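Assemble the dimeric complex from its two separately framed chains, guided by the hints.
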Amino acid sequence: MPLKPGLLQSLQQTLASMKLSIFVFLTLAVCSLLGTLLPQGLTEHELHSRFSPGMARLIELLGLHDLYHTGWFRFLLLLLATNLIVCTLQRLPKTVSQLKHRDESIEPEKLTKFIQHQVFDVNATLDQLKPRLQQVVAAEFAAIQPVENSEVFAGVVETGRWSRWMVYLVHLSVLLILIGALIGSLAGFKGFMNIAEGSASQEVHLYRGNQTITLPFAVRCDDFDVTFYDMGAPKEYRSDLTIIDGGKDVLQGSIIVNDPLTYNGVTLYQSSYGAILKEAEVEFTDKESGTAQRMVLPFGEAKTIPGTADRVQIVDYQQDMAQFGPALGIALQREGEPPKGSWILVKMPQFHGNKIDNYHINVIQTVDGYYTGLQVKKDPGVWVVYTGFIAMMLGIGMTFYSSHRKLWIWAGPAGSGSRRTRIVLAGRSNKNPVAFEKDFQRLCERLQTDLQPTGERD
Amino acid sequence: MMINSSLLLSITTFAYMVCALFYLAGVIFRYRPLLLSGSLLGLAAFLLQTVAILLRWQESYQLGYGHAPLSNLYESLVFGAWAIMLIYLIFEYRTGQRALGVFPSICAFLAMAYASFSPSVDARIQPLVPALKSNWLIAHVIACFLGYAAFAVAAGVSVLYLVRKSVKTNPHPKGIIALFPDPKQLDEFNYQLILFGFLWLSLGIITGSVWANSAWGNYWSWDPKETWSLITWLIYAAMLHARSVQGWRGTRVAWLSLVGFACVLFTYFGVNFLLSGLHSYATQ
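Protein chains in written order, with the working numbering: chain A, 1 to 458; chain B, 1 to 284.
In short, the hints are calculated from the structure, not lab data.
Among the clues, some could well be false.
Derived contacts from chain A toward chain B, CB cut-off under 7 Å, selection only [as the list claims (entries may be wrong)]:
1) LEU26
2) SER32
3) THR36
4) ALA233
5) PHE389
Derived DSS-like pairs (lysine-lysine); straight-line CA-CA distance at most 30 Å [said to hold, decoys possible]:
6) A:LYS110 - B:LYS165
7) A:LYS378 - A:LYS248
8) B:LYS133 - A:LYS431
Only a predicted model underlies this, so the values are computations on that prediction, with no experimental measurement involved.
Glycine is no exception: its CB is placed at the ideal position from the N, C-alpha and C atoms.
Pulled out of the complex, with its shape left as it was, chain B reads as follows (with noise of 0.2 Å):
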């Protein structure tokens, strides 16, 4: 069999889904080493898809479009479930926390379910468009999905710091919470990754501004994308504020950052599909 891009996406999609089954197992029944099977697999996956994006620039290459897999909706979505898996690996490794694997390793798997099994996302390489014709394609999409996936990660520890709030006392010590940080860590691990979030939020803003202005000339043009995407950042702008100086701590931050990782999914999602304007080829 020939070994291609999409075979080995396809491994990854379902090398993904074992590691989010190991994940979950491993704090349902409590068994550290599922644990460390899911980071070990999680680790291999990812591995695995960074091989395989390389391979598809090549394609692209071979096809005469030659361009970075960044181009449209089915690649974005393998460079997200890519960017989520990054930043909580190196979370993780940072951390020692394996059992905040859950969300992230799921977040990936559908990501990456979405992008081969929807008939709706087409999966061919295609030519770019001349608007997307720029260096700057890679380092807007590049710093938008860091962004994105640090918030990914940030909303998965969030919910984490809901449920462990409210269990109330002390954890049972062989309780399925006993694996968890405790809250006021969850809630510093919550805050580092948004700050990490937003620096290249920020960066993949700026960058489309500048992009857009080296295009068309225009640098904001309230484009619904770019709207949302300015959503996002208030968000996260007034949450930074409101810790930093107002000294807000845990559940208020925690359901913030879920806001904001909902207003994440609109900008990538809602948008592509219920509005309309100059990222329109995200949708293809």
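Isolated chain A, as found in the complex (with noise of 0.2 Å):
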């Protein structure tokens, strides 16, 4: 069944009034202000732990914890959009039928209807004045366009035409920042890859639905350095990056915060850095012989200890581990038994715990390494939000500090057969009345003393 024509007018309508405008910047305003006073990005067993169940509960329902990602939140942003659409659809005709309209004709009792209208005489015939006339309004304002009136001299002067299509420019730009945002969300990633000093990476962890993609091309991390200011804050973090695509080593360049590196619409951002261990020197005594040997380990690479079929490798490392300070986890690995596994203390040599098996460990010296924390983005809608932006800065700075202004001006004979003539102007501006009304008092009173003949100006 068809709506019924009203209904679906009244939708119309409601849809473009601008007391749905108002409604949808202020509820955006309370919604945004919810999610700031929750704490977004929480996991459902943080959640949990945080709230009572009942509370827990609503959130997950009305999804609080991740407002800004909500259906419901995205629904006000659709009905934000749909009402600029709308209410766009249906002033620009107005606007446009306002700029199309010529006066054809111009009659001075309509002109003194006007807010802003002056009247008064001049000592001089029409033709003597007109010439004047022409050049005090067009230096004040500009030039006056004539409209064919017989006998007495009728025009028109406007300014700021444009003023009128900036307004479509805002409603234009606050929708291109937002289907740059969908542009975005739908063809785009963010995600971060932590990758060692030396090493490469192809995978990307998602920030969104703990998910992993694997870029096209590797990042090879070639160096990553940190610099902090005599009193100890971080001065800045720096990493060497190598792209290689197809095998072969194809971009270089080095990032810092606030200076990424783009390849093929890829961006890598520095994000962060942590400390790994790089390799350790370290000491196996075997109790039972007392023989003690001295090895050089590179970070989860087995070795096999001279002298015997016992391979080792560094599995894991801590910094801090129980506030024992660094610990090496070490791994044993023997013919026909599963691995044996430790928590070797660096800083603690005679820690009783510092042995597997028949192996008492010592490690004599770490050395560390970095790995970088980079954040991956890829955004091809960013562009569009750029757009978007400059559209905005240009509209909001045109529309409010442009006017568009008209004036009508009529110039005849003050009466029948009379020598003197009348003069009827009146004005109009779309914004700022004040200064409008300041720039018409001006150009009303050059026009009184100019036009006067020079024999009765003092």
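In structure tokens, the structure reads:
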């Protein structure tokens, strides 16, 4: 069944109404506010440990812990966009016809009904004062466009006609920003990758949805460096990166915070870093034979203790193990036995737990390396958003600081057969009436003094 | 005694206090020369503060840090006071309304006093953390604070509007009220200031957004500060639409202007102290 035309019409009217815009503005404001008061991005577990069961259920039901990505918040944004489009479609034809409108005739009686109007007589004939009139008006506002009218002189002056379009530019800019954001969320991704110095990776862990994607190229971290100010605050984080595409090094660059690297639409940002163990020199003392062997163990690489068949490997590293300082997780692998392992405290060689089976283990020294934490992003919508930004600034600036001003001027004999000329002026501005009134008054004053024949002016 | 930026800023703080007192006394005793003294002292203090800010900038180079003095809570408070006085003095020059100086000068004094005397505000020149090392810093902070300052002056005008409006009949020609412009004019001032502030706030949000995209790869991440600046923007946007299309005037606009300014204050102070996020360095 088709909708009743009345219903459709009233729906359209609601969508086009300014009251709806104001309602959406304020609702968006209140909902955004709610999102800043409740912690965002909590996991289910955190949610239940922080709130009572009932409260947690309510938060989950409404998605308040991830408010800005919920369906209903997006619905509000959609409502804003719809309202904006419908408003524009409804007002655009009015603006067009307003701008197209040409005055066919100007009647002095109608001009005196304007809020801004003035009538005064000048002791000169129309032909005498006409050139001066045109000159003064052109100097103060713009050239008079004559309106065909017999016997008398009449015309309109318009400035800033384009200013009427600017509000549409602002509205377009909001739409562009929303569209750009949509493109970004549909065709882009955001995630992070941690790469140890000297190694390469293609895997990006996405922030949303706990997924991993594989880049069509690999990123190698050649070097990471962090420098500090004397007082201890970090000064700069720098990663030297190489992009490997198709087996070849195709791009090299170092990135710092605020200066990312882009390859094939994917941008890599310096976002965090961490220390990892690069290698350690470890001494294995066989308690039974008393022989000690010193070995350099690169992190994660298994090596055989000389003179034995035992293979050892550093499998884990903690910078501070239960407040006992750094610790190495070392695994021992023997033929035909399940692997054994233990935490070896680096700074406490006498610790009784520094052993696996028959070996007492002593860490002589450790060599630290870094891994760099990169934020990885692809957002094809960002240029649409930026275009929106530029349009918004242009639009807001010009909407507020320009106005469409229109003057109507009529000049004709003050009475039948009179040598005096009556001048009627009226004007209107779509914005800033106070400034317009000032300019209008100034024009009128200047006309009254300038148009008097030279003889009558002192 | 060595002339350095902190000495000049201390003098500025004191001068803003005296300036606020002049304006206040001028209004209370309806004595115009006091208002004029307020304006002149305000202008002098403003110029002194400008020198102090530039000096602090130079001092940061001498310390080897070299950054614009817009990087932490202390510097932003100082710059906020400077921006309020800048906007107000231009406004006063253009409108010739000296009696409106009470609110802005008190705001400027309070910002300076808080920056100088609160033990939790560190006045030392500190080096920039890596995230702040960007040319966007200057554009972003200046744009935001010009916006905030215009909203502060607008809030002052709104308060006056509400006071003025509550006096129903023609004001006594010798009463305090007679010093102030009529409500219609106040309403127009409020509107013009908010337009100006809105333009700068928009620019502030946009520059912040572009900066965030170049630093973190995210032009919008619903960080509390971002969200609150958007809330502020939405409220002023609602006000501008209500005024230009729905024809709202006067009292309702004045109240919306005050709500908007409350949001500005929360965006600036509340978010720093109550909510955590990307702008946490602003609390130090």
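* Let me know if the C-beta of SER32 (chain A) comes in closer than 7 Å to any C-beta of chain B, holds or violated. => Because about 5 Å separates SER32 (chain A) from the closest Cβ in chain B, which is inside the 7 Å limit, the hint holds.
* Asked: If you take the shortest Cβ to Cβ gap from LEU26 (chain A) to chain B, is it below 7 Å?
  -> holds, 6 Å
* If you take the shortest Cβ to Cβ gap from THR36 (chain A) to chain B, is it below 7 Å? -> Hint on THR36 (chain A): holds, closest Cβ of chain B at ~4 Å, below 7 Å.
* To do: Would you settle whether the hint for ALA233 (chain A) is holds or violated, based on the nearest Cβ-Cβ distance to chain B being less than 7 Å?
  => holds, 6 Å
* Asked: Any CB of chain B closer than 7 Å to the CB of PHE389 (chain A)?
  -> Holds - the Cβ of PHE389 (chain A) comes within 7 Å of chain B, reaching about 5 Å at its closest.
* Proposed proximity, LYS431 (chain A) with LYS133 (chain B) (alpha carbon, max 30 Å) -> Violated - the C-alpha atoms of LYS431 (chain A) and LYS133 (chain B) are around 41 Å apart, more than 30 Å.
* Can the restraint linking LYS110 (chain A) and LYS165 (chain B) be considered satisfied, given a maximum Cα separation of 30 Å? -> Roughly 35 Å separates the two Cα atoms, so the pair is violated.
* **Given hint LYS248 (chain A) paired with LYS378 (chain A) - CA-CA distance at most 30 Å** => Between LYS378 (chain A) and LYS248 (chain A) the Cα gap is close to 22 Å, so the pair holds against 30 Å.
The structure does not agree with the numbered hints 6 and 8 stated previously, though it agrees with the rest.
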